[in-house]
Amino acid sequence: MTARNPLRTRASVAAGRLTAWLSRSSGLGRGGMIGGRVTLALDPRALRRLGRERTVVLVTGTNGKTTTSLMLTRALEALAEVAANSDGSNMPDGVLAALAARPDAPYAVLEVDEAHVPWVAGQLQPAVVVLLNLSRDQLDRVGEVRATERDLRAALAGLPGTVVVANCDDVLVTSAAKAAARPVWVSTGRRWTGDSTACPRCDGLVGFQGKDWSCGCGLARPEPGWTLEGDLVRTPGGRQVDLDLRLPGDANRANAALALAAAHRLGVPPHTAAARLRTISDIGGRYRTIRRSRHFVRLMLAKNPAGWVETLRVLDEDTPVIVAVNAQEADGRDLSWLWDVHFERLRGRQVVVTGERAADLAVRLCYAEVAHWTEPDPVAAIDGLPPGGVELVANYTAFRDLVGRLPDG
Amino acid sequence: MAESVVHIGLLLPEVLGTYGDTGNAQVLCRRLRWRGLDAEVVPVGLGEPVPSTLDLYLLGGGEDGAQALAAAHLRKHWRSRSRGAVVFGVCAGLQVLGTRFRGLDGVDHDGLGLLDVSTEPGERRAVAELVATSSGLLPEPLTGFENHLGVSKLGADSEPLGTVVRGTGNGDGTEGAVTDRVIGTYLHGPALARNPELADLLLSWVAGHPLPPLDLPEVDRLRTERLTTTRRRR
Ligand SMILES: [Zn+2]
Numbered sequence: 037m038t039a040r041n042p043l044r045t046r047a048s049v050a051a052g053r054l055t056a057w058l059s060r061s062s063g064l065g066r067g068g069m070i071g072g073r074v075t076l077a078l079d080p081r082a083l084r085r086l087g088r089e090r091t092v093v094l095v096t097g098t099n100g101k102t103t104t105s106l107m108l109t110r111a112l113e114a115l116a117e118v119a120a121n122s123d124g125s126n127m128p129d130g131v132l133a134a135l136a137a138r139p140d141a142p143y144a145v146l147e148v149d150e151a152h153v154p155w156v157a158g159q160l161q162p163a164v165v166v167l168l169n170l171s172r173d174q175l176d177r178v179g180e181v182r183a184t185e186r187d188l189r190a191a192l193a194g195l196p197g198t199v200v201v202a203n204c205d206d207v208l209v210t211s212a213a214k215a216a217a218r219p220v221w222v223s224t225g226r227r228w229t230g231d232s233t234a235c236p237r238c239d240g241l242v243g244f245q246g247k248d249w250s251c252g253c254g255l256a257r258p259e260p261g262w263t264l265e266g267d268l269v270r271t272p273g274g275r276q277v278d279l280d281l282r283l284p285g286d287a288n289r290a291n292a293a294l295a296l297a298a299a300h301r302l303g304v305p306p307h308t309a310a311a312r313l314r315t316i317s318d319i320g321g322r323y324r325t326i327r328r329s330r331h332f333v334r335l336m337l338a339k340n341p342a343g344w345v346e347t348l349r350v351l352d353e354d355t356p357v358i359v360a361v362n363a364q365e366a367d368g369r370d371l372s373w374l375w376d377v378h379f380e381r382l383r384g385r386q387v388v389v390t391g392e393r394a395a396d397l398a399v400r401l402c403y404a405e406v407a408h409w410t411e412p413d414p415v416a417a418i419d420g421l422p423p424g425g426v427e428l429v430a431n432y433t434a435f436r437d438l439v440g441r442l443p444d445g
Numbered sequence: 106m107a108e109s110v111v112h113i114g115l116l117l118p119e120v121l122g123t124y125g126d127t128g129n130a131q132v133l134c135r136r137l138r139w140r141g142l143d144a145e146v147v148p149v150g151l152g153e154p155v156p157s158t159l160d161l162y163l164l165g166g167g168e169d170g171a172q173a174l175a176a177a178h179l180r181k182h183w184r185s186r187s188r189g190a191v192v193f194g195v196c197a198g199l200q201v202l203g204t205r206f207r208g209l210d211g212v213d214h215d216g217l218g219l220l221d222v223s224t225e226p227g228e229r230r231a232v233a234e235l236v237a238t239s240s241g242l243l244p245e246p247l248t249g250f251e252n253h254l255g256v257s258k259l260g261a262d263s264e265p266l267g268t269v270v271r272g273t274g275n276g277d278g279t280e281g282a283v284t285d286r287v288i289g290t291y292l293h294g295p296a297l298a299r300n301p302e303l304a305d306l307l308l309s310w311v312a313g314h315p316l317p318p319l320d321l322p323e324v325d326r327l328r329t330e331r332l333t334t335t336r337r338r339r
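Taken in sequence, the protein lines are chains A and B.
The first sequence begins at 37 in this note's numbering and counts up one residue at a time.
The second sequence begins at 106 in this note's numbering and counts up one residue at a time.
Just so you know, the hints here were simulated from the structure itself, not pulled from any lab data.
Quantities reported herein were computed from a predicted structural model and do not represent experimental measurements.
C-beta atoms are modelled at their ideal positions from N, C-alpha and C, and glycine is treated no differently.
Treat each hint with caution, since some may be false.
Stated by the list, open to error - Capping the alpha-carbon separation at 25 Å, the derived lysine to any residue pairs in SDA-like fashion look like this:
{"hint": "1", "chain 1": "A", "residue 1": "247", "chain 2": "A", "residue 2": "257"}
{"hint": "2", "chain 1": "B", "residue 1": "181", "chain 2": "B", "residue 2": "135"}
{"hint": "3", "chain 1": "A", "residue 1": "214", "chain 2": "A", "residue 2": "254"}
{"hint": "4", "chain 1": "A", "residue 1": "247", "chain 2": "A", "residue 2": "215"}
{"hint": "5", "chain 1": "A", "residue 1": "247", "chain 2": "B", "residue 2": "285"}
{"hint": "6", "chain 1": "B", "residue 1": "181", "chain 2": "B", "residue 2": "208"}
{"hint": "7", "chain 1": "A", "residue 1": "214", "chain 2": "A", "residue 2": "282"}
{"hint": "8", "chain 1": "B", "residue 1": "181", "chain 2": "A", "residue 2": "251"}
{"hint": "9", "chain 1": "B", "residue 1": "181", "chain 2": "A", "residue 2": "237"}
{"hint": "10", "chain 1": "B", "residue 1": "181", "chain 2": "A", "residue 2": "214"}
{"hint": "11", "chain 1": "B", "residue 1": "181", "chain 2": "A", "residue 2": "215"}
{"hint": "12", "chain 1": "B", "residue 1": "181", "chain 2": "B", "residue 2": "302"}
{"hint": "13", "chain 1": "A", "residue 1": "214", "chain 2": "A", "residue 2": "194"}
{"hint": "14", "chain 1": "B", "residue 1": "181", "chain 2": "A", "residue 2": "238"}
{"hint": "15", "chain 1": "A", "residue 1": "214", "chain 2": "B", "residue 2": "148"}
{"hint": "16", "chain 1": "A", "residue 1": "214", "chain 2": "A", "residue 2": "244"}
{"hint": "17", "chain 1": "B", "residue 1": "181", "chain 2": "B", "residue 2": "223"}
{"hint": "18", "chain 1": "B", "residue 1": "181", "chain 2": "A", "residue 2": "240"}
{"hint": "19", "chain 1": "A", "residue 1": "247", "chain 2": "B", "residue 2": "223"}
{"hint": "20", "chain 1": "A", "residue 1": "247", "chain 2": "B", "residue 2": "119"}
{"hint": "21", "chain 1": "B", "residue 1": "181", "chain 2": "A", "residue 2": "257"}
What the hints assert, rightly or not - Where chain A lies over chain B, by a calculated footprint (3+ residues, C-beta under 8 Å):
{"hint": "22", "segment": "120 to 133"}
{"hint": "23", "segment": "169 to 177"}
{"hint": "24", "segment": "195 to 201"}
Claimed, not checked - Facing chain B, according to a computed beta carbon distance under 10 Å, are these residues of chain A, among others:
{"hint": "25", "residue": "238"}
{"hint": "26", "residue": "323"}
{"hint": "27", "residue": "332"}
{"hint": "28", "residue": "366"}
{"hint": "29", "residue": "370"}
{"hint": "30", "residue": "381"}
{"hint": "31", "residue": "382"}
{"hint": "32", "residue": "405"}
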């Protein structure tokens with residue numbers, strides 16, 4: 037199956053590729069983003085055209101987009117070639133760049149920023165949308181998570197042909213996905229409720245009882261078809277699939293459960309998909325352990341309170357921790373969220389704070405009574421620790437900058 | 106203090122807690138404990154009456170619908186509120202403490218009337234670092250982050266907390282509001298982490314006397330960094 041694109045789109049894609057190459061080779065930035073931006077400027081209908089005649093899956097949510105997209109990509113590669121924005125460029129131009137890079141791939145797995153799903157989904161008419169979770173992220177920029185939920189809800193209501201694979205333990209996700217014609221509910225367990233005690237439909241109080249939750253207005257947890265229990269995923273047919281992932285933590289098991297459900301919709305049997313998920317050991321450098329002289333540094337990304345809940349669980353005991361925090365545009369300029377992270381759990385460890393906003397983090401740790409020292413440069417922070425293992429947790433731009441400065445393996 | 110334990114009420118954290126607002130309770134609690142005073146944070150949820158026995162009441166930030174819900178709840182379930190309690194409200198909390206606020210839907214809501222402030226939606230959202238000089242209550246400037254659409258007007262019964270140096274604040278060059286021992290501010294989220302003097306002002310009202318200073322180099326460093334960075338960018 038070959039997608040036939042009109043001449044103008046093909047020419048604009050070629051121009052976009054050239055720009056991407058230029059930006060990569062001159063070290064200006066992430067080529068995917070810049071290449072896509074040029075193409076959209078050349079031909080605004082390019083996205084629609086490049087998505088035509090393919091099976092498109094969109095993955096969205098506050099945390100886990102890149103991981104889940106990679107999982108789904110691996111699973112669908114059992115069927116055929118897959119186009120994917122695996123570098124995490126999840127704005128419309130990054131999505132376009134991914135499609136342009138693999139014009140003949142019959143499948144596309146695209147992670148999309150929550151706020152851009154309505155527009156991208158309208159253009160691409162995806163076969164499946166995977167909705168992972170919705171929580172506060174970048175307080176100052178995206179603004180309020182409830183507005184995002186309302187926009188998603190309206191967008192999903194307008195996609196009658198799309199299957200929505202959604203996490204029914206997340207109140208906001210459920211509210212949005214209930215608008216879909218064909219939701220597939222996946223129970224992944226509830227870990228972060230900080231943003232969902234007021235009902236997204238009526239502002240009433242959502243009550244939680246064990247796994248169940250409900251509001252007086254009628255919004256309630258649907259019966260899941262798929263359920264994650266420990267390391268097992270139970271399918272709608274009653275089969276049990278052992279995950280046994282190489283990636284750590286419950287959050288990754290939750291991502292895997294959603295990926296299995298989505299892959300199943302597209303014809304990949306759960307056992308086949310799970311076996312393919314087990315080949316993943318790092319996500320764009322995350323969870324990867326790199327060696328720098330006498331240190332073995334495990335790199336982790338945590339950019340909001342919900343992400344930190346998971347990260348605090350997977351940190352190795354007795355290993356020093358470096359926390360790097362920036363507040364660039366892409367991170368959100370407002371660091372108030374640091375106060376919703378239970379940094380108290382780092383008490384008794386060796387902790388180094390670093391990054392452009394190390395001073396904000398130092399005050400937070402001071403009030404959490406976590407002994408720490410400050411080293412503005414993250415690489416110097418590694419070198420200053422005794423030889424051995426290091427857990428390094430960074431938020432978005434801090435992580436990106438650091439990966440660029442460290443060896444590959 | 107009549108009691109040996111200071112009770113810090115955190116009002117409706119599930120709806121007025123969007124921006125790390127529990128931080129203010131943590132800061133107050135620690136600043137008391139580090140001085141050898143016992144303190145306890147008492148969260149008061151939706152559906153519960155607000156106890157009249159607490160020493161200090163905190164209201165955080167929240168979204169539009171949540172804010173109206175909070176105001177309605179507190180008008181009904183916080184009967185003791187006029188009895189001279191120490192109250193600190195941030196962002197939506199400031200608006201709820203006022204006499205009236207208008208939602209994005211154009212509907213007016215009654216506030217608690219503890220501050221003489223009325224609020225309407227402005228033209229565009231103020232999302233930035235906010236610096237204000239304090240109006241007599243505190244020697245040092247106030248620093249923080251603001252994120253709100255509201256424009257607030259003060260009536261005769263409230264004084265501004267400060268004068269805006271950078272940012273938006275109330276919208277007319279003033280920032281925040283004070284009436285007796287009730288303070289509201291647009292310095293949102295964990296405002297007291299960056300403004301230890303403001304934290305200690307509230308605590309001295311609770312204690313009935315000034316508190317000995319605390320030496321926290323981390324906080325001094327953060328204040329210096331934020332105040333010099335924001336000055337440079339002007
Ligand atoms: Zn409801």
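So, going through the hints one by one against the coordinates:
no.	hint	result
1	247/A with 257/A	9 Å, holds
2	181/B with 135/B	31 Å, violated
3	214/A with 254/A	12 Å, holds
4	247/A with 215/A	22 Å, holds
5	247/A with 285/B	46 Å, violated
6	181/B with 208/B	19 Å, holds
7	214/A with 282/A	33 Å, violated
8	181/B with 251/A	21 Å, holds
9	181/B with 237/A	23 Å, holds
10	181/B with 214/A	34 Å, violated
11	181/B with 215/A	34 Å, violated
12	181/B with 302/B	33 Å, violated
13	214/A with 194/A	12 Å, holds
14	181/B with 238/A	19 Å, holds
15	214/A with 148/B	32 Å, violated
16	214/A with 244/A	19 Å, holds
17	181/B with 223/B	20 Å, holds
18	181/B with 240/A	16 Å, holds
19	247/A with 223/B	42 Å, violated
20	247/A with 119/B	19 Å, holds
21	181/B with 257/A	30 Å, violated
22	120 to 133	holds (count 10)
23	169 to 177	holds (count 4)
24	195 to 201	violated (count 0)
25	238	9 Å, holds
26	323	27 Å, violated
27	332	29 Å, violated
28	366	15 Å, violated
29	370	5 Å, holds
30	381	14 Å, violated
31	382	15 Å, violated
32	405	8 Å, holds
Checked against the numbered hints given earlier, the structure breaks hints 2, 5, 7, 10, 11, 12, 15, 19, 21, 24, 26, 27, 28, 30 and 31 and satisfies all the rest.
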